[in-house]
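Novice: What follows is the residue order along each chain.
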Amino acid sequence: MLAEEVYYRGHEGEAIQAYLARPLGEGPFGTVIVIHHMPGWDAGIMEITRKIAHHGYIAISPNLYTRYGTGDPDEVAAVARAGGGTPDATFVGDMAGAAEHLRLLPTCNGKVGIIGFCSGGRHAVLAASRLNDLDAAVDCWGGRVIAAPEQLDESHPVAPIDLTPQLAVPLLGIFGNDDRSPTPEQVDQHEAELKQHGKTYEFHRYDGAGHGFFSVNRPAYRPEQATAAWGEIFKWFERYLSA
Amino acid sequence: MCTWIVERTPVSGSGKGPNGWFKVSQANVYYDHPYHAPLDHALIIDFVETPDEVGNRVAVELSEESARRLVTSILAALESGVDGHAVHVEAAAG
Chain A
27 MLAEEVYYRG HEGEAIQAYL ARPLGEGPFG TVIVIHHMPG WDAGIMEITR
77 KIAHHGYIAI SPNLYTRYGT GDPDEVAAVA RAGGGTPDAT FVGDMAGAAE
127 HLRLLPTCNG KVGIIGFCSG GRHAVLAASR LNDLDAAVDC WGGRVIAAPE
177 QLDESHPVAP IDLTPQLAVP LLGIFGNDDR SPTPEQVDQH EAELKQHGKT
227 YEFHRYDGAG HGFFSVNRPA YRPEQATAAW GEIFKWFERY LSA
Chain B
3 MCTWIVERTP VSGSGKGPNG WFKVSQANVY YDHPYHAPLD HALIIDFVET
53 PDEVGNRVAV ELSEESARRL VTSILAALES GVDGHAVHVE AAAG
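Residue numbers (the working numbering), protein chains in the order written: chain A, 27 to 269; chain B, 3 to 96.
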């Protein structure tokens with residue numbers, strides 16, 4: 027495996043910093059865009075990026091806060107948070123650029139998936155609804171897929187659930203039943219919407235797990251549930267991203 | 003949690019960061035996933051001079067319980083300190 031920092035062209039042609047991990051060899055390999063959570067482009071998301079590459083996929087984790095700076099990720103995240111973060115339209119443009127970058131890699135098989143965690147889970151649903159050339163999406167406990175009107179603003183004008191009719195990508199959802207964002211009721215509501223519109227999806231919900239139960243460095247970590255859920259994720263990738 | 007909810011409070015004073023002392027003009031306060039503390043959620047405070055300047059801040063990530071204790075301590079210190087200094091000022095004036 028080779029892991030390195032790269033840059034690619036994102037929304038409006040801006041250079042976006044990213045962490046790319048890829049298996050060595052000719053492939054061809056499926057590819058995955060890996061979206062970090064609100065605290066930023068941290069060591070945890072890079073470990074996950076390498077984990078996905080270890081399983082045979084080219085994985086890229088864009089730094090969604092590149093426009094705020096490319097220094098220490100925690101410092102950049104502090105400024106990004108205070109500044110309101112990345113607008114949804116900019117995010118979608120950055121994902122289109124990431125997908126294009128991946129498809130141009132010589133060992134890519136042409137398939138591009140996306141996975142995100144926490145706020146990144148919402149981002150994954152958003153990208154899967156706004157872009158029509160992705161092949162698979164995974165939402166890990168994305169909060170605010172359902173949003174009250176007062177939770178929407180100029181940068182985040184639409185709740186992703188309202189884009190369900192446009193969803194063009196098979197969607198896998200991973201949720202803890204003790205989570206409060208999203209609550210099990212919100213997951214029910216999202217699932218009902220997907221069913222109503224005849225979308226391809228699978229939701230897996232885990233008892234005894236709450237928000238962020240993959241985080242090995244936090245009390246929320248649930249090894250049994252996390253291991254089972256990672257198994258579902260790699261089955262999903264195998265089904266939709268293999269050559 | 004992962005929300006964009008940030009309480010921004012104007013403050014006046016100084017903080018000591020990686021490059022030494024600097025003027026602080028704003029505290030950004032939020033309760034969310036921390037970057038470093040091994041907690042699911044933390045009360046996070048960033049003291050900054052210029053909100054869009056990267057790298058010049060004093061940051062803390064505190065457990066909910068310790069953040070609440072800190073609030074009590076700040077108020078207690080202010081109360082006793084201000085009272086004590088007020089007496090001192092009056093005594094000096096007299």
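Hints listed in this document are in silico derivations from the structure and should not be mistaken for laboratory results.
Check before you lean on any hint, since a few could be wrong.
[Said to hold, decoys possible] Simulated DEER-style distance windows between Cβ atoms:
1. E66(B) - K221(A): 46 to 54 Å
2. Q222(A) - K25(B): 54 to 62 Å
3. S16(B) - L50(A): 46 to 54 Å
[As the list claims (entries may be wrong)] Reference listing, derived: stretches of chain B covered by chain A, where coverage requires no fewer than 3 residues with Cβ under 8 Å from a Cβ of chain A:
4. 60–72
5. 77–83
[To be verified] Which residues of chain B face chain A? A few of them, derived with a C-beta cut under 8 Å, are:
6. V8
7. P12
8. K18
9. N30
10. V31
11. Y32
We put the beta carbon where it would ideally sit given N, CA and C, even for glycine.
Novice: Now look at each hint and say whether the structure bears it out.
Specialist: So, going through the hints one by one against the coordinates:
1. E66(B) - K221(A): 46 to 54 Å: violated, 38 Å
2. Q222(A) - K25(B): 54 to 62 Å: holds, 56 Å
3. S16(B) - L50(A): 46 to 54 Å: holds, 52 Å
4. 60–72: Coverage by chain A is violated for the segment 60–72 of chain B (1 residues, Cβ < 8 Å).
5. 77–83: violated (count 0)
6. V8: Since the shortest Cβ distance to chain A is 6 Å, the answer is holds.
7. P12: violated, 13 Å
8. K18: violated, 16 Å
9. N30: Since the shortest Cβ distance to chain A is 5 Å, the answer is holds.
10. V31: This hint is violated: V31(B) lies away from chain A, its Cβ roughly 10 Å from the closest one there, beyond 8 Å.
11. Y32: holds, 7 Å
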